[in-house]
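Starting from the known structure of chain A, arrange chain B on it as the hints suggest.
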Amino acid sequence: MHEIKLTENIVAILEREVASPEVGRVKKVHLEVGRLRYIVPEIMQTAFINIPKSEKLEKAVLEIKTLPLEIKCQTCGAVSMLKDFRSDFICGKCSSEDVKIVSGDEFNITGIEW
Amino acid sequence: MAFKVIKESILKYNDDIAENIRTLLKEKKILMVNIISSPGAGKTTFLEKVGPMLGRKGIRFAIITGDCFTSRDAERIDALGLEVVQINTGGACHIDAALVKNALEEINISGKDLIIVENVGNLVCPAEFDIGEDMKIAFLSTAEGADKPLKYPLVIKESKLAVVNKVDLLKYVDFDMDFSEKCIRQINPGLEVIKISCKSGEGIERVLEWIKNKIKIKKENVL
Numbered sequence: 001m002h003e004i005k006l007t008e009n010i011v012a013i014l015e016r017e018v019a020s021p022e023v024g025r026v027k028k029v030h031l032e033v034g035r036l037r038y039i040v041p042e043i044m045q046t047a048f049i050n051i052p053k054s055e056k057l058e059k060a061v062l063e064i065k066t067l068p069l070e071i072k073c074q075t076c077g078a079v080s081m082l083k084d085f086r087s088d089f090i091c092g093k094c095s096s097e098d099v100k101i102v103s104g105d106e107f108n109i110t111g112i113e114w
Numbered sequence: 001m002a003f004k005v006i007k008e009s010i011l012k013y014n015d016d017i018a019e020n021i022r023t024l025l026k027e028k029k030i031l032m033v034n035i036i037s038s039p040g041a042g043k044t045t046f047l048e049k050v051g052p053m054l055g056r057k058g059i060r061f062a063i064i065t066g067d068c069f070t071s072r073d074a075e076r077i078d079a080l081g082l083e084v085v086q087i088n089t090g091g092a093c094h095i096d097a098a099l100v101k102n103a104l105e106e107i108n109i110s111g112k113d114l115i116i117v118e119n120v121g122n123l124v125c126p127a128e129f130d131i132g133e134d135m136k137i138a139f140l141s142t143a144e145g146a147d148k149p150l151k152y153p154l155v156i157k158e159s160k161l162a163v164v165n166k167v168d169l170l171k172y173v174d175f176d177m178d179f180s181e182k183c184i185r186q187i188n189p190g191l192e193v194i195k196i197s198c199k200s201g202e203g204i205e206r207v208l209e210w211i212k213n214k215i216k217i218k219k220e221n222v223l
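Protein chains in written order, with the working numbering: chain A, 1 to 114; chain B, 1 to 223.
Some clues are possibly wrong.
[Said to hold, decoys possible] Lysine-lysine pairs mimicking PhoX-like chemistry, simulated, CA-CA at most 20 Å apart:
1) B:K101 to A:K5
2) B:K157 to A:K100
3) A:K28 to B:K7
4) B:K214 to B:K195
5) B:K160 to A:K100
6) B:K7 to A:K65
7) A:K83 to B:K157
8) B:K12 to A:K65
If you're looking for bench data, these hints aren't it; they were derived computationally from the structure.
Okay, chain A solo, but in the shape it has when bound (with noise of 0.2 Å):
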C-alpha cells in the first residue's frame, strides 16, 4: 500500500525535473530500489499510471531495477549477498556477525529518458 504515497513523491521529484524545457516528453524513468525496501514492483507501476501528471509525463513508464541485499563484514572484509531480511546477518566467509549492509536500502530515481 505505501507504493501509492511513494509514487507520488516520484512524480513530484519528475515534475520538477521535466520543469526544465531542454527535457521532452519522457518515454522511462529509471529506479534503483533495494531489497529491503518492499517495493511490489507490479503496483507502483500501475500507481505511476494512475497518478495524475503533466503533458511531459503522461507516457512515461517506470523501470525498476531491484538492487540485491548484500552485507559486508568488518571483520574479514568479505562481502556476501543475502536473499531477504529473514536470512542470518553473519558473513558467508568466517560467519562473523559483526557486519554491515552495503546494498539493499537504495531507493533513489536515477535518471529519464526521453
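Here is chain B on its own, set in the frame of chain A:
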C-alpha cells in the same frame, strides 16, 4: 534519445522533515517513541493503561495517535484527561514525518519528557517511514500468529523493543511464545522482548521502566 541522470532519494522529502524533527527533539531533550502494530493488537488499550501510570511517575508526555479516518482512539485517550493529538491520514496506511511535524505544532512541547506516537495499525508501511523518532516499538499480541515477526521482518529489524500483549489469552489460544521469540531473535538477535497483558496489568511496569530509562538517557544527551 536523451538521458538525464538524476540520483535523488525518493524518501528525501520525508527524511529531511524527519531529520528536522529529530534535531528539535534533541534540542528539547524529548524522547519520541513510535509504536507499530497490526490492527487490534491493543495499542490504544496499552496507552489507556500506561498513560495514567506515566503521569503518576511525574513524566510529562503527549500522545499523537494515527488513524485512517476516525478520532475514536484520541477520544478514548482524551477521556482520561491525557494530552492527545489525532492525526487522520485520510486512508493512507502509515504516518509520515510531515503529519508528525504538524501534530507537534499543536502540542506545547516545552517541558515535555516524552512523545508517544501510536502509528496506524499496520506492520508493513509504518516501518518504512522515518518520523524523527528515537525508537520504534514493535507491538505484537498473542491473538495473532506467532510467526508474525518472520512475515513482517522490517519492523522487527528496526525496533528497539518488542512488546507481546494479551499474554492473559495464552491459555486459550495456540500462540507458541517460544517460537515467536525465536522468530524475533532470528531477525534481531539483541531485541528485548517484554510480555504484557493490558487486561491484568502484567508486565506493564517493565515497559514503563524501559521507557523511563530511555528518557533518562536522552536527558543525559548520549542517545
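Outcome of the hint check:
Taking the CA atoms of K101 (chain B) and K5 (chain A), the gap is near 17 Å; set against the 20 Å cutoff, the hint holds. As the CA atoms of K157 (chain B) and K100 (chain A) are separated by approximately 13 Å, the hinted pair is consistent with the 20 Å bound. With a C-alpha separation of about 15 Å, the suggested pair K28 (chain A) and K7 (chain B) falls inside the 20 Å cut-off, and the hint holds. In summary, the hint linking K214 (chain B) to K195 (chain B) is supported, as the alpha carbons are separated by about 18 Å, within the 20 Å threshold.
Restraint check for K160 (chain B) and K100 (chain A): satisfied, since their Cα atoms lie roughly 18 Å apart, inside the 20 Å limit. Taking the CA atoms of K7 (chain B) and K65 (chain A), the gap is near 13 Å; set against the 20 Å cutoff, the hint holds. Distance restraint check for K83 (chain A) and K157 (chain B): the Cα-Cα separation of roughly 15 Å lies within the 20 Å cut-off, and the hinted pair is therefore satisfied. Between the alpha carbons of K12 (chain B) and K65 (chain A) the distance comes to roughly 19 Å, so the proposed pair stays at or under 20 Å and holds.
When each numbered hint is compared with the structure, no violation occurs for any of them.
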